[in-house]
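Once you have looked at the hints, place chain B on chain A.
Each protein sequence line maps, in turn, to chains A and B.
Numbering of the first sequence is given in this note's numbering, commencing with residue 18 and proceeding in unit increments.
Numbering of the second sequence is given in this note's numbering, commencing with residue 2 and proceeding in unit increments.
I should point out that these hints are in silico values taken from the structure, not numbers from a laboratory.
Even for Gly, the Cβ is constructed at its ideal location relative to N, Cα and C.
Careful, some of the hints might be misleading.
Claimed, not checked - Now the stretches of chain A that chain B is said to cover, found in silico as 3 or more residues with beta-carbon under 8 Å: (1) 47-60; (2) 72-80; (3) 95-109; (4) 120-128.
The lines below spell out each chain.
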Amino acid sequence: DAGVTQSPTHLIKTRGQQVTLRCSPKSGHDTVSWYQQALGQGPQFIFQYYEEEERQRGNFPDRFSGHQFPNYSSELNVNALLLGDSALYLCASSFLGAGSGYTFGSGTRLTVV
Amino acid sequence: AQTVTQSQPEMSVQEAETVTLSCTYDTSESDYYLFWYKQPPSRQMILVIRQEAYKQQNATENRFSVNFQKAAKSFSLKISDSQLGDAAMYFCAYRNRDRGSTLGRLYFGRGTQLTVWP
Chain A
18 DAGVTQSPTH LIKTRGQQVT LRCSPKSGHD TVSWYQQALG QGPQFIFQYY EEEERQRGNF
78 PDRFSGHQFP NYSSELNVNA LLLGDSALYL CASSFLGAGS GYTFGSGTRL TVV
Chain B
2 AQTVTQSQPE MSVQEAETVT LSCTYDTSES DYYLFWYKQP PSRQMILVIR QEAYKQQNAT
62 ENRFSVNFQK AAKSFSLKIS DSQLGDAAMY FCAYRNRDRG STLGRLYFGR GTQLTVWP
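With the rest of the complex left out, here is chain A:
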C-alpha cells in the first residue's frame, strides 16, 4: 500500500521565481494538508484541501496557493519566492471522519538562493 508520495525531493530556486510541489495521498485518503517546516522548528499548517476546495488556511500569505485534483492529488504553488521560504514542505493525507492521525510524506526540501 503506497503511502504519501511527494515530488521533487529537493529543489533549488532563485528569489522571485515560482515553484510547484506535488503530492499523491495515501490510497483511500481524500484530504490533503500542506505544512512548512523551517529548520529547527515544528511544522506549520499552510492549508487543507478536500473535494478540490481549500477548506482551511493557516497564517500564510496569498503567495502560497494550492490545488486538489479529482484523483485527490495536490499541488502547492509558491510565487515570488523569498529567502525565508526555504524549508521542508510536508504533505499529509487523511480521510474525513477518521479522527485519526495524518500520514505524512517525506517532504520536499526547498532552498531559495
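Below, chain B without anything else, positioned relative to chain A:
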C-alpha cells in the same frame, strides 16, 4: 489559538533505559486529539502514539506510553527499553475535532531531539 510547548530541546538516554519527553498545550476545546510523531533523518513524520481527549485511559503502543493529564493540559511520552532506532526528533501535536467538511488541523511543538547512547 491552540499552542503546543515542548520545553526540552534535547534529551539523551542509554540503550535499554527509560526516558520521558514532556509536552504541554493550551486550548479552550474539550474534545480533541493529541499525538506524538517521530521524525528521523529520512524526514518522514511517523505516528508514534495517539490519545483522544475524552478517554481517561492513557494510550500505550508497545514500548511507548503516554501520561495524559487533561486538567493540567500535559501530555508526556515515555519510551521504555530504549533502542538505538528510537533516536530521532519527536514532535508533540494537537489536533482539533473535525467540523463538517473540515478536517482538524495539526498544531506542533518545536520538537525534542532524542539521542540514544549504546
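Evaluation of the provided hints:
no.	hint	in the structure
1	47-60	holds (count 7)
2	72-80	holds (count 3)
3	95-109	holds (count 3)
4	120-128	holds (count 6)
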